[in-house]
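**Q** Listed in order, the protein sequences are those of chains E and Y.
When we follow UniProt numbering, the leftmost residue of the first sequence carries the number 1, and every step to the right adds one.
When we follow UniProt numbering, the leftmost residue of the second sequence carries the number 1, and every step to the right adds one.
Keep in mind that a hint or two might mislead.
One copy or any two copies: either way a pair holds, since identical chains are not told apart in the list.
[What the hints assert, rightly or not] Derived lysine to any residue pairs resembling SDA-like cross-links, with alpha carbons at most 25 Å apart:
#1 Lys517 - Val669
#2 Lys586 - Asn619
#3 Lys112 - Ser386
#4 Lys657 - Met691
#5 Lys158 - Asp339
#6 Lys693 - Pro560
#7 Lys197 - Gly38
#8 Lys323 - Gly187
#9 Lys547 - Ala57
#10 Lys197 - Ser389
#11 Lys59 - Leu120
#12 Lys296 - Ser645
#13 Lys413 - Met295
#14 Lys112 - Asp440
#15 Lys351 - Asp72
It should be emphasised that the hints constitute simulated quantities derived from the structure, not laboratory data.
There are 2 protein chains.
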Amino acid sequence: MKFKFFLLFLLLLKYAGLDAQTVQQVEVAPGVIKLNFGVADKFNPYNFCDQKPAVAAMKALPKGKLPFDIKDILISITDRGAVVEVPLKDDEQLYGFGLQVGSFNQRGLRKKPIVNDNPLNDLGYTHAPIPFYVSNKGYGILINTSRYTTFYCGSTNKLNNGAKALSESNGGNSVEELYKNKANANGSVTADIPGAKGVEVYVFEGPELLQVLQRYNLFSGGGALPAMWGLGVKYRVKADFTQQQVGKMAAYFRDNHMPCDVLGLEPKWQTTAYSCSYVWNPKYFPSPSQFIDTMKQRGFHINLWEHAFVNPASPLYEPLKTKAGNYLVWNGLVPDFADSSASNLFANYHKQTFVEKGISGFKMDECDNSNLAYGSATWSFPEHSSFPSGIDGEQMHQMFGVLYQKAVYNIYKQMNIRTLLDVRASNAFASSYPAALYSDTYDHDEYIRMVTNSGFSGLIWSPEVRESASIKDLMRRSQTAVLSAQTLYNSWYLTNPPWLQINVEKNNKNELLANDKQIEADVRTLLNLRMSLVPYLYNAFADYHFKGIPPFRALIVDYPNDKNVYNISNEYMIGQGLLAAPLTDKADERKVYLPEGVWYDFNTGQKYTGGKEYSITCNYTGLPLFVKEGTILPLAEPVEYITPSSKFEITCRVYGKTASTTLFEDDGVTFNYEKSTYNTVALNYINNKGMAKRSGNYKLKRYNIKGWQVIQ
Amino acid sequence: MKFKFFLLFLLLLKYAGLDAQTVQQVEVAPGVIKLNFGVADKFNPYNFCDQKPAVAAMKALPKGKLPFDIKDILISITDRGAVVEVPLKDDEQLYGFGLQVGSFNQRGLRKKPIVNDNPLNDLGYTHAPIPFYVSNKGYGILINTSRYTTFYCGSTNKLNNGAKALSESNGGNSVEELYKNKANANGSVTADIPGAKGVEVYVFEGPELLQVLQRYNLFSGGGALPAMWGLGVKYRVKADFTQQQVGKMAAYFRDNHMPCDVLGLEPKWQTTAYSCSYVWNPKYFPSPSQFIDTMKQRGFHINLWEHAFVNPASPLYEPLKTKAGNYLVWNGLVPDFADSSASNLFANYHKQTFVEKGISGFKMDECDNSNLAYGSATWSFPEHSSFPSGIDGEQMHQMFGVLYQKAVYNIYKQMNIRTLLDVRASNAFASSYPAALYSDTYDHDEYIRMVTNSGFSGLIWSPEVRESASIKDLMRRSQTAVLSAQTLYNSWYLTNPPWLQINVEKNNKNELLANDKQIEADVRTLLNLRMSLVPYLYNAFADYHFKGIPPFRALIVDYPNDKNVYNISNEYMIGQGLLAAPLTDKADERKVYLPEGVWYDFNTGQKYTGGKEYSITCNYTGLPLFVKEGTILPLAEPVEYITPSSKFEITCRVYGKTASTTLFEDDGVTFNYEKSTYNTVALNYINNKGMAKRSGNYKLKRYNIKGWQVIQ
């Protein structure tokens, strides 16, 4: 009798969904389904996300449809960890895994997104290791884990899985023949998560790829809307510049009418940097407050380099000593950012010492890990580190950059001040943080590919310009910088701007280029083009925030069914209607594929029929940019820097017979837009007539439409 | 009352050593202490080792002494896995971790020895990922695990560990300045073994570094003694050669008196190779038995290329189908070699089909894993694979090469036939397997470094010669090949031997070098030098087997306290008295450090005082070799190939006034030496007189000492 009741009890448990072997499934936001199996880790990326999903905007998206039954996602837990198998169709193309460096279309590859500053070999290592991939068939899969996870993207074949037999091969006579990629008909993406006792999988629906990304960004709170000045030019000065020398550099920019919004200070502003004291070094900056104020008066924002490893000489050391990992980095504490009390201590100190004194942003360095940076293995903490919160070193590595961002961003958020930060590591659900990733790697082709990859994971990527091998290299890199989320010249080891001398050694000896003024003028032209594009870019970022549309994205996002774009990683969309196709120093011509429709060369107005590849060129002072028919490109007269009262005199370039766009208008520096204090300026061109219509609650009219220029 | 008894019970448990928190410690062989904590993994390297420790030889070694208290080795188990911390003194130098490619002295580095065919970036990836390091202070530590393990070799600093404070730094103005290695005073090597619920640590005592290695090799059953013909020259023919073409190549060797003992066949001898059928392809080899016999008559041994992934077309497929992993590789089964019944099936088929027909060895390819070999991610099985035996994919990856070796070696062992195999992966406790590692990487400097590293872990490494960039490159690589454990020319994609045409394309068009006969003669000179060295090398291998002395080893092994050799990875000892210092195509001169004592140039007899560095050169037909004073170098008249009846006419080169050595004499092809069927020929030169004294049970006198040549 008793035994019968027990069986009944088990049966009841099973039907009540309490059976541990059942995958739990719940729609956590419109088109976002969370699967849960086993005991998921506490320190997962979503648990660290404070942002509420932008439910209303998600609801407004067309309903998604998965190309498979969600029940066919298999999750298993073994002694080794968790394994997730997601169905994959033969013709699907896969993208994502964060800021990938070496690859774009991930179909057929094995990827291990691990945080790393030196992502060689295309293992999947990256500054932003996001366990999230998307399919051109209109869905995305995110494994909500901060454990090191390997994704086999249709690159394995199971025994007895009924997959098609491979054609047999009896080898070859050359390495190429022997090792040629044997295409594989495997029907799944498999994620291997060693150590996990359970796992959460987030499924993002489309119906199209673009909507998948919109849902992801909106679920993460909406994309970041940087301070408007963040879209201007950032220049980082030499590490050993004194307050006076920075002042001189500031004067150089204004005297020579080189646009610049932000000056970044490098390590030596602190008394000790490896590890950090977070204390102004009086030798270099005897009067920091006065310095910040003077700079502000001249229209410069000041950004401070730092990292999060706390030196014994820092006022933060004692308070953080009990809230840190059990290993030191450069003799500095590793704050336990997984514990909000540690983050708050760190943030409050920064708030009082820097932000309240007028510091506009930080460059958060060294928060990634390293393989073997420059022969040293003492970079960062070991993976077996333990922290008071209970997070281990492996998980902390993956999350460190995003937790650091969160700590610093919250200072600004609480003060109702916007910013644009720099950071060297990030992770999932971080779309809302206005922090641009940067890298010490410097391959221009990779930097371009990273723009296209950034859009798959809610990231802002800054392909910075440092030294150059040639004038051509400098100009091509500058074009890419102008056509990216953040235009940054990082001169931390250069006395003079790189356009006055590309060579490091000569630059630091003040041996300037013979034609320095000509190069300076050419760079000025490019920077002015950047400033002309600011209203357009600002609107693209507003779309990122309110609609989740990545401002910079691969062509596949807009054209998911065009086979010709499956593997294009050196062209990308900017906002609604611009297509960038940067050149490098390798050649003065390049192939550009233009998708269906009609396109116009930004520089010449030349018209192209889409669906074809063209060979194009672009001189140094133009932009390798194409405009889609139906676009209004609002080009502003360039300003040298942006303040809340900056006005933009705009000429609307109309491409085609009927075109439209919008402009987003607000103060550019507060979060008041969250309380609807902003305007939308609708621009329409119909029947040979341009019309601007402003709506909204913001008082100031910052955009003046002074003319229309039609290109047909 | 009951509670008291319970406490008493706990107390008893504790003193009975059953407390799970106590590290168990037991001396498992003379000078080898095993520590055990928690529940160690079943599939660990030592569990797979069949060989009994050579206890008598170990007992004969001087007693070791650890530079720390063994109780100071700390082991902890957390949710994440196991962590082992081993004391480390400031002045210790560390070596090992298997066939490391990018680094030599591991002090200060982070190393993750993971099996891999493409070990870039110096992460620690290697063909032979051995979790074993040794210290110049006279001990070795082996973590007996097949899990992916990370070693922090004094590269981390703990919070509150009382380590010396680092000098603070406030950054620099250049990458070099900023990132220079900040030396670290940490007092431990830490091994991180994620996933482990327990761990075994083997501590190998010295007293000196050499004895540590001796103990390791003897504990593994003694080093491998290859078939004597294995010390001759191996040549691998082009993959698409037919039986007839191989015959022609054989004739070339004999007609031109180029020494050659082994011809290796590449993939196309099988009906299907990726994956393997293990069935002769009648198109290329219509009569294999006849072919093998003919070759044998001409003094050639035949070696067959294969790998272990079993094609559906193979007779092995059906029997192995239930004894294989759940993922396929190139549509082939992955045999569960951790299950002896699978190994036996595989071995028995090979025995009957090949070995009993006269096949002398195999080249066991593809048993390593790959990052992303040639753009394909379908290389090998995923880490989350499961196998019927219970081993998982990660552990199987680490052990696959060694289990494959074991399966194939046992065929020969059972048949009382010796061999020398080729293999692309190995692991710990494999010293007794006569299998030479090889690699697709081809950097000559790395190949030389791998000779020095091989000796720290009981490995045989074969720096093979393929194509060359220049004649100089060919000759320098040939010299290194001659001065290595196996002299191998791998021409799997070359129609003609590389010395007739170094360029691949021209070679395959039969466009030979203008001076091909001259180059051939130069290579012949080198190969003849190899054949002259065979008795010396054979004796070095006998010392490897009976005494555990690595035949090829870094200078630090013989001179552990000479600071000048701490980082020398481009010189190595061969046998008792030879020091090799190979040159590459980069320069015709190089620096050679000669340790204390007196040394002689092998080619010129020039005398050098040790303890100093010299600039030396070596022409193409000499050997970059130095002989230690007190050495007798027994040089044989070169034979073209070696049979059990080969006799060696030996001239003893005596270096110095008093010198000695031994020669090991047996049939060279059976294991009868294990039953003492061998001779030792003691060679002594004292008071201006040379004496040879033979002792032992072997009947045939293979060495004839025909003269003494004194160099002083």
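**Q** All hints, please: hold or fail.
**A** Going down the list of hints, with the structure as the test:
no. : hint            : in the structure
1   : Lys517 - Val669 : neither (34 Å within a copy, 79 Å between copies)
2   : Lys586 - Asn619 : within (14 Å within a copy, 42 Å between copies)
3   : Lys112 - Ser386 : both (23 Å within a copy, 20 Å between copies)
4   : Lys657 - Met691 : within (14 Å within a copy, 105 Å between copies)
5   : Lys158 - Asp339 : between (42 Å within a copy, 20 Å between copies)
6   : Lys693 - Pro560 : neither (33 Å within a copy, 83 Å between copies)
7   : Lys197 - Gly38  : both (6 Å within a copy, 20 Å between copies)
8   : Lys323 - Gly187 : between (46 Å within a copy, 24 Å between copies)
9   : Lys547 - Ala57  : within (6 Å within a copy, 76 Å between copies)
10  : Lys197 - Ser389 : both (19 Å within a copy, 22 Å between copies)
11  : Lys59 - Leu120  : neither (41 Å within a copy, 48 Å between copies)
12  : Lys296 - Ser645 : within (14 Å within a copy, 92 Å between copies)
13  : Lys413 - Met295 : within (23 Å within a copy, 81 Å between copies)
14  : Lys112 - Asp440 : both (20 Å within a copy, 24 Å between copies)
15  : Lys351 - Asp72  : neither (49 Å within a copy, 45 Å between copies)
The structure is inconsistent with the numbered hints 1, 6, 11 and 15, although it conforms to all the rest.
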